[in-house]
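Novice: Below, each chain spelled out in residue letters.
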Amino acid sequence: AQSVTQLGSHVSVSEGALVLLRCNYSSSVPPYLFWYVQYPNQGLQLLLKYTSAATLVKGINGFEAEFKKSETSFHLTKPSAHMSDAAEYFCAVTGNNDMRFGAGTRLTVKP
Amino acid sequence: DAGVIQSPRHEVTEMGQEVTLRCKPISGHDYLFWYRQTMMRGLELLIYFNNNVPIDDSGMPEDRFSAKMPNASFSTLKIQPSEPRDSAVYFCASSLGQGNSPLHFGNGTRLTVT
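Protein sequence lines, in the order shown, are assigned to chains A and B. For the first sequence, the residue numbers in my numbering are 1 to 111. For the second sequence, the residue numbers in my numbering are 1 to 114.
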């Protein structure tokens with residue numbers, strides 16, 4: 001069975017600072033990994049996905065994530081935070097067509 | 001494409017009443033998922049369908065919950081009878097089903113059971 005663990009339920013950064021949201025996965029098969037973002041009163045939207053083509057994945061809104069098999073990690077980063085990045089972020093994994101989500105990390109961006 | 005469409009957006013009902021949540025997936029998607037989101041438990045996968053057939057319903061909390069997909073363009077999640085602890089946001093999502101295919105989410109139904 002596959003699962004993901006997100007470290008830190010809340011992350012606060014200043015506008016312009018680096019964003020780092022942590023995700024570790026567990027999977028008995030080569031995983032497909034995803035990051036989603038959720039804005040208030042909306043569904044989840046795909047930020048990026050890892051499908052083994054490249055270990056560094058670039059997504060929308062300037063986000064990227066690096067797959068590290070040795071560390072079983074798939075951390076999400078953005079070099080410079082913007083106020084509009086404030087939202088909840090979810091890491092997810094699939095192995096057998098059913099997608100499992102982490103508990104989420106709420107990102108706050110301070111002016 | 002209109003995306004995944006859920007109705008209603010909000011539902012307030014009294015304990016013991018039947019609740020039906022509806023979902024129209026993206027045309028051509030052959031997988032449909034129902035999730036429940038709460039502060040305490042996060043996003044929980046309740047059930048998913050492939051080509052209208054339920055594949056895994058192990059996440060359905062109890063017999064009060066049932067889901068159907070009578071055709072490729074419509075699914076329902078029913079709670080009968082509803083209880084206050086069922087209060088949550090329920091999301092429907094669809095995908096093309098390959099393991100690397102992302103899910104496309106609806107905007108959810110916020111259910112409040114009083």
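No lab work stands behind these hints, which were simulated from the structure alone. It is possible that some hints are incorrect.
As the list claims (entries may be wrong) - Using C-beta positions, here's what the derived DEER-type ranges look like: (1) A:L20 x B:T38: 24 to 30 Å; (2) B:S7 x A:H82: 42 to 48 Å; (3) A:N61 x B:D63: 38 to 44 Å; (4) A:L46 x B:D56: 20 to 26 Å; (5) A:P79 x B:T20: 45 to 51 Å; (6) B:D56 x A:T51: 37 to 43 Å; (7) A:L7 x B:S7: 16 to 22 Å; (8) B:P70 x A:S70: 30 to 36 Å.
Claimed, not checked - Negatives, chain B to chain A, calculated, CB over 10 Å: (9) A72; (10) A88; (11) H104.
The structure displayed is predicted, hence computed values, not measured ones. By construction, the Cβ of each residue, glycine as well, lies at the ideal position given by its N, Cα and C atoms.
Novice: Next step is simple, just say for each hint if it's right about the structure.
Specialist: Outcome of the hint check:
For the hinted restraint 24 to 30 Å between A:L20 and B:T38, the CB-CB distance of approximately 27 Å keeps it satisfied. Separation of B:S7 from A:H82 is about 33 Å and departs from the stated range, judged on CB atoms against 42 to 48 Å. Separated by about 42 Å at the C-beta atoms, A:N61 and B:D63 satisfy the suggested range of 38 to 44 Å. A C-beta distance of roughly 22 Å is found between A:L46 and B:D56, which places it inside the suggested range of 20 to 26 Å.
Here the CB-CB span from A:P79 to B:T20 is close to 46 Å, well matched to the stated 45 to 51 Å. The given range of 37 to 43 Å is broken by B:D56 and A:T51, whose C-beta atoms sit roughly 22 Å from each other. For A:L7 and B:S7, the Cβ-Cβ distance of about 36 Å falls outside the hinted range of 16 to 22 Å, so the restraint is violated. Under the hint 30 to 36 Å, the C-beta atoms of B:P70 and A:S70, about 47 Å apart, miss the expected range.
Once the 10 Å rule is applied to beta carbons, B:A72 is consistent with being away from chain A; the minimum gap is 17 Å. With a cut of 10 Å on Cβ distances, B:A88 stays outside the contact zone with chain A, its closest approach being about 14 Å. For B:H104, the shortest C-beta to C-beta distance to chain A comes to about 8 Å, within the 10 Å cut-off, and the non-interface label is violated.
Hint check: violations occur at hints 2, 6, 7, 8, 11; the rest are consistent with the structure.
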